[in-house]
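Respectively, the protein sequence lines represent chains L and P.
Under numbering that gives the first Met the number 0, the first residue of the first sequence carries the number 0, and numbering increases by one thereafter.
Under numbering that gives the first Met the number 0, the first residue of the second sequence carries the number 0, and numbering increases by one thereafter.
FYI, nobody ran anything at the bench for these hints, they're computed from the structure.
A hint or two may mislead.
Pairs involving identical chains hold if they fit within one copy or between any two copies, as the list cannot separate such chains.
[Said to hold, decoys possible] Here are the computed lysine to any residue pairs in the SDA-like style, where the Cα-Cα straight-line distance is at most 25 angstroms: (1) 213 with 53; (2) 187 with 264; (3) 169 with 270; (4) 169 with 65; (5) 219 with 124; (6) 187 with 252; (7) 187 with 301; (8) 187 with 232; (9) 187 with 269; (10) 293 with 123; (11) 219 with 200; (12) 20 with 206; (13) 187 with 175; (14) 219 with 250; (15) 213 with 196; (16) 219 with 258; (17) 224 with 53; (18) 293 with 199; (19) 20 with 300; (20) 20 with 205; (21) 213 with 87; (22) 315 with 264; (23) 169 with 52; (24) 219 with 249; (25) 225 with 175; (26) 187 with 22; (27) 315 with 25; (28) 293 with 1.
There are 2 protein chains.
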Amino acid sequence: MNQPVTARAHTNIALIKYWGKSDPELIIPQNSSLSLTLEPFYTDTTVTFSNQLTRDQVSIDGQQLTVAASQRVSQLLNLIRQQANQQNFAQVISINHVPTAAGLASSASGFAALAAAASKAAGLDLDRQALSRLARRGSGSATRSVYGGFVEWQKGHGDADSQAIPLQEKIDFDIQMIVIVLDPRPKKIASRAGMARVVATSPYYPAWPVAATKDLAAMKTAILKKDLNLIGQLAEANAMKMHATTLSATPPFTYFEPETLQAIDLIQGLRATGLSCYYTMDAGPNVKVICSAKETPAILARLRQHFPADHLLVAKPGPGIAYL
Amino acid sequence: MNQPVTARAHTNIALIKYWGKSDPELIIPQNSSLSLTLEPFYTDTTVTFSNQLTRDQVSIDGQQLTVAASQRVSQLLNLIRQQANQQNFAQVISINHVPTAAGLASSASGFAALAAAASKAAGLDLDRQALSRLARRGSGSATRSVYGGFVEWQKGHGDADSQAIPLQEKIDFDIQMIVIVLDPRPKKIASRAGMARVVATSPYYPAWPVAATKDLAAMKTAILKKDLNLIGQLAEANAMKMHATTLSATPPFTYFEPETLQAIDLIQGLRATGLSCYYTMDAGPNVKVICSAKETPAILARLRQHFPADHLLVAKPGPGIAYL
Numbered sequence: 000m001n002q003p004v005t006a007r008a009h010t011n012i013a014l015i016k017y018w019g020k021s022d023p024e025l026i027i028p029q030n031s032s033l034s035l036t037l038e039p040f041y042t043d044t045t046v047t048f049s050n051q052l053t054r055d056q057v058s059i060d061g062q063q064l065t066v067a068a069s070q071r072v073s074q075l076l077n078l079i080r081q082q083a084n085q086q087n088f089a090q091v092i093s094i095n096h097v098p099t100a101a102g103l104a105s106s107a108s109g110f111a112a113l114a115a116a117a118s119k120a121a122g123l124d125l126d127r128q129a130l131s132r133l134a135r136r137g138s139g140s141a142t143r144s145v146y147g148g149f150v151e152w153q154k155g156h157g158d159a160d161s162q163a164i165p166l167q168e169k170i171d172f173d174i175q176m177i178v179i180v181l182d183p184r185p186k187k188i189a190s191r192a193g194m195a196r197v198v199a200t201s202p203y204y205p206a207w208p209v210a211a212t213k214d215l216a217a218m219k220t221a222i223l224k225k226d227l228n229l230i231g232q233l234a235e236a237n238a239m240k241m242h243a244t245t246l247s248a249t250p251p252f253t254y255f256e257p258e259t260l261q262a263i264d265l266i267q268g269l270r271a272t273g274l275s276c277y278y279t280m281d282a283g284p285n286v287k288v289i290c291s292a293k294e295t296p297a298i299l300a301r302l303r304q305h306f307p308a309d310h311l312l313v314a315k316p317g318p319g320i321a322y323l
Numbered sequence: 000m001n002q003p004v005t006a007r008a009h010t011n012i013a014l015i016k017y018w019g020k021s022d023p024e025l026i027i028p029q030n031s032s033l034s035l036t037l038e039p040f041y042t043d044t045t046v047t048f049s050n051q052l053t054r055d056q057v058s059i060d061g062q063q064l065t066v067a068a069s070q071r072v073s074q075l076l077n078l079i080r081q082q083a084n085q086q087n088f089a090q091v092i093s094i095n096h097v098p099t100a101a102g103l104a105s106s107a108s109g110f111a112a113l114a115a116a117a118s119k120a121a122g123l124d125l126d127r128q129a130l131s132r133l134a135r136r137g138s139g140s141a142t143r144s145v146y147g148g149f150v151e152w153q154k155g156h157g158d159a160d161s162q163a164i165p166l167q168e169k170i171d172f173d174i175q176m177i178v179i180v181l182d183p184r185p186k187k188i189a190s191r192a193g194m195a196r197v198v199a200t201s202p203y204y205p206a207w208p209v210a211a212t213k214d215l216a217a218m219k220t221a222i223l224k225k226d227l228n229l230i231g232q233l234a235e236a237n238a239m240k241m242h243a244t245t246l247s248a249t250p251p252f253t254y255f256e257p258e259t260l261q262a263i264d265l266i267q268g269l270r271a272t273g274l275s276c277y278y279t280m281d282a283g284p285n286v287k288v289i290c291s292a293k294e295t296p297a298i299l300a301r302l303r304q305h306f307p308a309d310h311l312l313v314a315k316p317g318p319g320i321a322y323l
């Protein structure tokens, strides 16, 4: 039996969204994206390859997964076994450190931690960029969770160069997020299915990668300028362009819930009072507020008038993958 | 003093939306549109030209408008005076027959009634198509209110041929609407300003006229087939494509309110129970349900569990312009 290896990866929230694949098998995106890795939300995953096992055994948060449910995990393990010439099945124990029902138990941190732990446990010694490409095969957003701080996932041309690069692992200005947890119910349409429907049916989708590419360039400049307001404006506009594509799909759908619109209204109202706060949203109803640590107490005070305190999660920038 | 002339025009709801101008001065649209004229919502307008007046005097629902507020009315009157070689100012008395606070006091019925009453009072004898072109100069959607039933506004090439044609003035199958009045507050962004921002800034807008043109052709076929479900599906998808453009504008905006999403969810739920009901929305939060008269009682019964009865307005197809 081989040695167990444990890795920790943090989740990330895109400021310029990944939305749509050009190669669904290899998970090559249609556009490059840019994210902020978050400190308080992470996954610890321990992988042990063992000749005593007759199949991969995967548990998440203490729950043993069925063979069907662990299929995406086994597919990534298969890739690793191939590269490492590893014959054994693996035991995978994964713990998500995310407040219960936060709707943030993202596949980003999960597949990044799995890629790191499993590759090392299988005997591979991959550098960060190789880890990033490997994590990508599990889940697109996991590509970015290999690095901390601001991260760019460069779409590249194929498996060999579709990977993340660190833009600023240690961020040198005041920026963080407040996650407003609005709806712990399971997503109506998973992000994978949602983006596939959009790519297949929306007449607006062809303009998305073009717009996202422009937004990305502007966002990189805004980050270099440490311009929180510009970062926020660009993130808002980019997120809404992503959500616009769901309304233009056939049949149309939306990740907005009534509370989403209330949260957006509230953030716009706070901004009108002079606070620098902006919203972004992923393929679900939760709203993430982009703001400074300095103004977080004032923003939180106002948000608490509308949302339960335990649904407001402050998130500082977080680090990249680490072995424990 | 000339004779007073009174005309009645009904409002209309587009199944394929008018969204965006190619000529803001002449109100030439970027795409042809298709609407259903509604029976219960109409405007009665009386126009009298008189050499006793020193300026146009406009009252709406008993309220005398200021010179500034009546500017759009006077602009249309100027066009008519020019055509008719009419020297006098006009008294305009307009009464909207729309339930108070329904948010349906549309410029469609208002400018159509004004065009009809004022042109005749000025001594012109315009046919319906000429009236339609004239109404267009007041408000785009008024172009369609000249006719009853299903109406197509053919975008044409300019002032001379951008006009409505009747598709089915008397509809020979069972279709009507239920208007869900969600928010009587004034619009945050008027439709004219909203579409202008979209045309100027949305990277998705260039795909809208192309998509709307396809939707229009499909809708005309669905109407000929009397296929309520297909009409509904096409109307929903077209409306959401229009609303998608607002999210993709810079800065992004939306006409959705939290209650809008609740209404949409409810309609989708009713449909899942086997009822043929579909939604459409204009540049405001109200939701219009497309359904049959036969199923209206069952749909109303369910809607009344969520909305006050006086916010649910049943609307049969209505007629075109008439002189009273």
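Evaluation of the provided hints:
{"no.": "1", "hint": "213 with 53", "in the structure": "neither (49 angstroms within a copy, 55 angstroms between copies)"}
{"no.": "2", "hint": "187 with 264", "in the structure": "both (23 angstroms within a copy, 12 angstroms between copies)"}
{"no.": "3", "hint": "169 with 270", "in the structure": "neither (27 angstroms within a copy, 51 angstroms between copies)"}
{"no.": "4", "hint": "169 with 65", "in the structure": "neither (39 angstroms within a copy, 60 angstroms between copies)"}
{"no.": "5", "hint": "219 with 124", "in the structure": "neither (31 angstroms within a copy, 63 angstroms between copies)"}
{"no.": "6", "hint": "187 with 252", "in the structure": "both (9 angstroms within a copy, 24 angstroms between copies)"}
{"no.": "7", "hint": "187 with 301", "in the structure": "between (30 angstroms within a copy, 23 angstroms between copies)"}
{"no.": "8", "hint": "187 with 232", "in the structure": "between (28 angstroms within a copy, 20 angstroms between copies)"}
{"no.": "9", "hint": "187 with 269", "in the structure": "between (30 angstroms within a copy, 17 angstroms between copies)"}
{"no.": "10", "hint": "293 with 123", "in the structure": "neither (43 angstroms within a copy, 68 angstroms between copies)"}
{"no.": "11", "hint": "219 with 200", "in the structure": "between (30 angstroms within a copy, 21 angstroms between copies)"}
{"no.": "12", "hint": "20 with 206", "in the structure": "both (14 angstroms within a copy, 21 angstroms between copies)"}
{"no.": "13", "hint": "187 with 175", "in the structure": "neither (28 angstroms within a copy, 30 angstroms between copies)"}
{"no.": "14", "hint": "219 with 250", "in the structure": "between (35 angstroms within a copy, 19 angstroms between copies)"}
{"no.": "15", "hint": "213 with 196", "in the structure": "both (24 angstroms within a copy, 19 angstroms between copies)"}
{"no.": "16", "hint": "219 with 258", "in the structure": "neither (31 angstroms within a copy, 37 angstroms between copies)"}
{"no.": "17", "hint": "224 with 53", "in the structure": "neither (54 angstroms within a copy, 59 angstroms between copies)"}
{"no.": "18", "hint": "293 with 199", "in the structure": "neither (43 angstroms within a copy, 36 angstroms between copies)"}
{"no.": "19", "hint": "20 with 300", "in the structure": "neither (40 angstroms within a copy, 44 angstroms between copies)"}
{"no.": "20", "hint": "20 with 205", "in the structure": "both (12 angstroms within a copy, 23 angstroms between copies)"}
{"no.": "21", "hint": "213 with 87", "in the structure": "neither (46 angstroms within a copy, 55 angstroms between copies)"}
{"no.": "22", "hint": "315 with 264", "in the structure": "within (24 angstroms within a copy, 35 angstroms between copies)"}
{"no.": "23", "hint": "169 with 52", "in the structure": "neither (41 angstroms within a copy, 74 angstroms between copies)"}
{"no.": "24", "hint": "219 with 249", "in the structure": "between (33 angstroms within a copy, 18 angstroms between copies)"}
{"no.": "25", "hint": "225 with 175", "in the structure": "within (12 angstroms within a copy, 55 angstroms between copies)"}
{"no.": "26", "hint": "187 with 22", "in the structure": "within (24 angstroms within a copy, 41 angstroms between copies)"}
{"no.": "27", "hint": "315 with 25", "in the structure": "neither (31 angstroms within a copy, 53 angstroms between copies)"}
{"no.": "28", "hint": "293 with 1", "in the structure": "neither (47 angstroms within a copy, 70 angstroms between copies)"}
Checked against the numbered hints above, the structure violates hints 1, 3, 4, 5, 10, 13, 16, 17, 18, 19, 21, 23, 27 and 28; every other hint is satisfied.
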